[in-house]
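K.L.:
Mapping of the sequence shown onto our numbering: position 28 corresponds to residue 29, and the numbering continues sequentially without gaps.
Note that these hints are calculated values from the structure, not bench results.
Yeah, the Cβ is synthetic: ideal placement off N, Cα and C, and Gly gets one too.
There could be a bad hint or two in this list.
[Stated by the list, open to error] FRET-style restraints, in silico, Cβ to Cβ:
no. : residue 1 : residue 2 : range
1   : S109      : T62       : 43 to 49 Å
2   : I65       : M133      : 33 to 39 Å
3   : S109      : E55       : 40 to 46 Å
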Amino acid sequence: MSKSIFISLPVTDLATSVAFYEALGFVNNAQFTDDTAACMVWSETINVMLLTHEKWSLFTTRPIPPPTSSEVSLSLTCDSREAVDAMNAAAATHGGTADINPVQDHGSMYGRDMADPDGHIWGAMWMDLSSMPTDEQPQ
């Protein structure tokens with residue numbers, strides 16, 4: 002099995018969260034989706050498991066942080082600056098909050114942060130890899 006990541010997030014309204022992530026470009030994997038959880042696929046190696054609070058409680062007894070907290074910030078790469086802007090706009094129109102932090106525009110790097118309907122922080126980012134240093138090691 003190739004290495005991959007499954008990020009699990011507690012959500013208050015599974016259907017709302019599924020619609021939000023689909024609007025950002027994730028695809029629902031029905032093989033791992035039921036009325037308590039949904040597997041949202043970003044790429045061949047990146048998956049987000051949306052879990053109802055009841056389902057979440059089967060994995061941990063730790064409290065779910067309030068939507069105003071910052072437990073972690075996750076970033077997804079996009080193909081262009083326009084794709085970053087489109088993801089941010091989709092977040093705003095599908096129950097999330099756009100631009101929860103200042104826009105980061107560093108010329109060859111561009112990013113915008115958003116929150117999903119439960120306050121989980123996501124960043125959309127683009128980098129011009131041709132302007133980045135090569136893999137040369139310092140001597």
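K.L.:
All hints are to be evaluated individually against the structure, with a verdict given for each.
P.N.:
Structure-based check of each hint:
1. Remark: the range hint 43 to 49 Å for S109 to T62 is upheld by a beta-carbon distance near 44 Å.
2. The supplied range of 33 to 39 Å is met by I65 and M133, whose beta-carbon atoms lie about 38 Å from each other.
3. For S109 paired with E55, a C-beta distance near 45 Å keeps the hint of 40 to 46 Å intact.
The structure is consistent with each of the numbered hints, conforming to all of them.
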